[in-house]
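Q: What follows is each chain in one-letter form.
Number of protein chains: 2
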Amino acid sequence: MRVLLVGAGGVGTAVTRIAARRSFFEAMVVADYDLARAEAAVAALGADGGRFRAERVDASDETAVAALLERHSCDVLLNATDPRFVMPLFRAARTASATYVDMAMSLSRPHPERPYEQCGVKLGDAQFEAAVEWEKAGLLALVGMGVEPGLSDVFARYAADELFDEIEEIGVRDGANLTVDGYDFAPSFSIWTTIEECLNPPVVYEADRGWFTTAPFSEPEVFDFPEGIGPVECVNVEHEEVLLIPRWVGARRVTFKYGLGDEFIEVLKTLHKLGLDRTEPVAVRDVRVSPRDVVAACLPDPATLGERMHGKTCAGTWVKGVKDGAPREVYLYHVVDNQWSMAEYGSQAVVWQTAVNPVVALELLAGGAWKGAGVLGPEAFPAGPFLDLLTAYGSPWGLREQ
Amino acid sequence: MRVLLVGAGGVGTAVTRIAARRSFFEAMVVADYDLARAEAAVAALGADGGRFRAERVDASDETAVAALLERHSCDVLLNATDPRFVMPLFRAARTASATYVDMAMSLSRPHPERPYEQCGVKLGDAQFEAAVEWEKAGLLALVGMGVEPGLSDVFARYAADELFDEIEEIGVRDGANLTVDGYDFAPSFSIWTTIEECLNPPVVYEADRGWFTTAPFSEPEVFDFPEGIGPVECVNVEHEEVLLIPRWVGARRVTFKYGLGDEFIEVLKTLHKLGLDRTEPVAVRDVRVSPRDVVAACLPDPATLGERMHGKTCAGTWVKGVKDGAPREVYLYHVVDNQWSMAEYGSQAVVWQTAVNPVVALELLAGGAWKGAGVLGPEAFPAGPFLDLLTAYGSPWGLREQ
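Residue numbers (this note's numbering), protein chains in the order written: chain F, 1 to 402; chain U, 1 to 402.
Treat the hints with care, as some may be off.
[Said to hold, decoys possible] Simulated crosslink set (BS3-like; lysine-lysine; CA at most 27 Å straight-line):
{"hint": "1", "chain 1": "U", "residue 1": "LYS320", "chain 2": "U", "residue 2": "LYS122"}
{"hint": "2", "chain 1": "U", "residue 1": "LYS122", "chain 2": "F", "residue 2": "LYS273"}
{"hint": "3", "chain 1": "F", "residue 1": "LYS269", "chain 2": "U", "residue 2": "LYS273"}
{"hint": "4", "chain 1": "U", "residue 1": "LYS273", "chain 2": "U", "residue 2": "LYS122"}
{"hint": "5", "chain 1": "F", "residue 1": "LYS269", "chain 2": "F", "residue 2": "LYS122"}
{"hint": "6", "chain 1": "F", "residue 1": "LYS269", "chain 2": "U", "residue 2": "LYS320"}
{"hint": "7", "chain 1": "U", "residue 1": "LYS136", "chain 2": "U", "residue 2": "LYS122"}
{"hint": "8", "chain 1": "F", "residue 1": "LYS136", "chain 2": "F", "residue 2": "LYS122"}
{"hint": "9", "chain 1": "F", "residue 1": "LYS273", "chain 2": "F", "residue 2": "LYS122"}
{"hint": "10", "chain 1": "U", "residue 1": "LYS136", "chain 2": "F", "residue 2": "LYS273"}
{"hint": "11", "chain 1": "U", "residue 1": "LYS122", "chain 2": "U", "residue 2": "LYS323"}
In short, the hints are calculated from the structure, not lab data.
Being a predicted model, the structure only gives us computed values, none of them experimental.
Okay, chain F solo, but in the shape it has when bound (with noise of 0.2 Å):
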């Protein structure tokens, strides 16, 4: 396998950190609009980074990026850049006939008239309407295959198969106890990004309903998460897993909530109420600034925090329903701690958790434990080889009756 690394930013570097320490790969090139960023990834990995070399990249030139995959010979494309170019750099992929891999979905648009009820463009409806075209071609495009969306779905589908007869409800419940020293406050991840997820209507998809969407912050609830992390406040929130489950796993109810916490939910809504969140410029005296710019400008750059993080981030899965007639209920997760990921791989927990996923899908499909051809979720693979794979990785999961 020859992978295409499309992104040198925080999950992109973590990614060549992981996948330098496993054999099943022969060449990794790491591809980045800012060539300085892929040649330190690179650079970084010291005597490990032999299969990995640097190349410059616009991530929005489908035509640039597919002339690079078939220079290198690459027959698989990983995409870790931000959700705006997740269209252009699968159309690459498709033109170079290489494998697709994702961890996130391409953008939604709410609907215009009822956002809070109804669906517009829904995440990933871009890339499932080429699904056919990719089935014929016997190409494949594993989407949402992070941690959330990725391994949360690998949880779906292995409650399914393993753990129940009949699902009732299936809820993604990401949560952590992140904290930063030195700043009253101060986001694990991009404000911005962060802002933008949360206000758009999250998603909810019920078997009688199909689709369909609610205010933000919407069936607010406590999630008691495990490992010594805690009780933390979980809204809805607009997420790849509610639009990627269902096509897969029976379920009657399938949701995502996002422990953001009492004071970072008051926060958004904040920014909200006074406008701060709007991208469109507003007039200052002499000039015109993005308000959401400003705010994120106020605030410290994530990416450089890790060394003053403590505390663990949690992403799982937990299902309700039936088995062997009796009721049940579980929580699948998987824990990081950031002091062991900085230690280990150099990288914040939130980072290093979202990449290990796809290293360990490239491996499977690599050996061949995965295949398939078409626009697929990973919850459209078994789900065991997986599991065992990202615990060989040495980042076990976990099992919590409830």
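Place chain U on chain F using the hints.
A: Structure of chain U alone, referenced to chain F:
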């Protein structure tokens, strides 16, 4: 009496509309940095504007202001600008041997080491330093003569003279139920100034400790405001009354609490937490802007909201003590309904309520019912004539036994 009114913003404009109906003065010169604004205020008076004329002046240029006082033979300067211009206007009045009246006091500076325990430079300190000099010259500076400070101080004096033998605590309490159509969040006053006022360390007076400060938003309480406004969450805020009242009225404790309400308090705390209250510019892509200016630019201009506003604003003074050997507790208050002030004067309630009080004071000074020399607060004068004249202006006050 010939008056120089400096500042033709919301409050200055309302002053002209209220004064135009009274005969106690001979002439009023309306001066603003923006001549068009002064001209608009005078033009709006129509046939009632005979005694008024507009001038341009820079309030920070004390020489120019003194010259303007002399050129128009004004014997009173009424300051209706923001508190940054208190000191130059105060000095200009002294130079021209005019009576000085303002609605705030000179600005404070927090204690450099213990901002939330000890006072640094207090509100009005710069003015009271000149008190002996004004007194020797036989000149009067009447400071803090708006609604709060102003009418609230008159209420304190009235309570001490007429309602109590001994006072335990005087607490100014300000609350409103104003809403603005078409906006989820639209403050009825400048967000820039509110941030300044509410994030400064609040000051409290106790007879055995003197003046001291606390952390922002301290000692929250729910105060029940009269005339249908109802309960509002109030917190300590830095305000002039706490510095003025103890100089002339005996009380064991003096506080000022602002009925910001939970929502507004949360907004201010969030802005502070995110650093969006800062005035120093931050770099945002290729420009530099002050985050507090961006917050102001995202919200509607409160001066333009009168037509869309509904509800009432209440200013008042709660007093607890002993009368004839029995415990007593009263709330002396003044309520303005926005619908009434818009219909009667075309001024929104908060602005009109601030403006009426200095006009009443000028009329008492013109008639000799109030007289004095030095730097004096409203509570240095007899309260009865003020409250009677305010009622005669068509805006009665109330007393509630608690």
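Q: Each hint needs a verdict: does it hold in this structure or not?
A: Status of each hint after checking the structure:
1. U:LYS320 x U:LYS122: 26 Å, holds
2. U:LYS122 x F:LYS273: 34 Å, violated
3. F:LYS269 x U:LYS273: Holds, at about 14 Å.
4. U:LYS273 x U:LYS122: 25 Å, holds
5. F:LYS269 x F:LYS122: 23 Å, holds
6. F:LYS269 x U:LYS320: 39 Å, violated
7. U:LYS136 x U:LYS122: The given pair, whose Cα atoms are some 24 Å apart, holds under the 27 Å limit.
8. F:LYS136 x F:LYS122: 24 Å, holds
9. F:LYS273 x F:LYS122: The given pair, whose Cα atoms are some 25 Å apart, holds under the 27 Å limit.
10. U:LYS136 x F:LYS273: Between U:LYS136 and F:LYS273 the Cα gap is close to 54 Å, so the pair fails against 27 Å, i.e. violated.
11. U:LYS122 x U:LYS323: Violated. U:LYS122 to U:LYS323 sits at ~33 Å, over the 27 Å cutoff.
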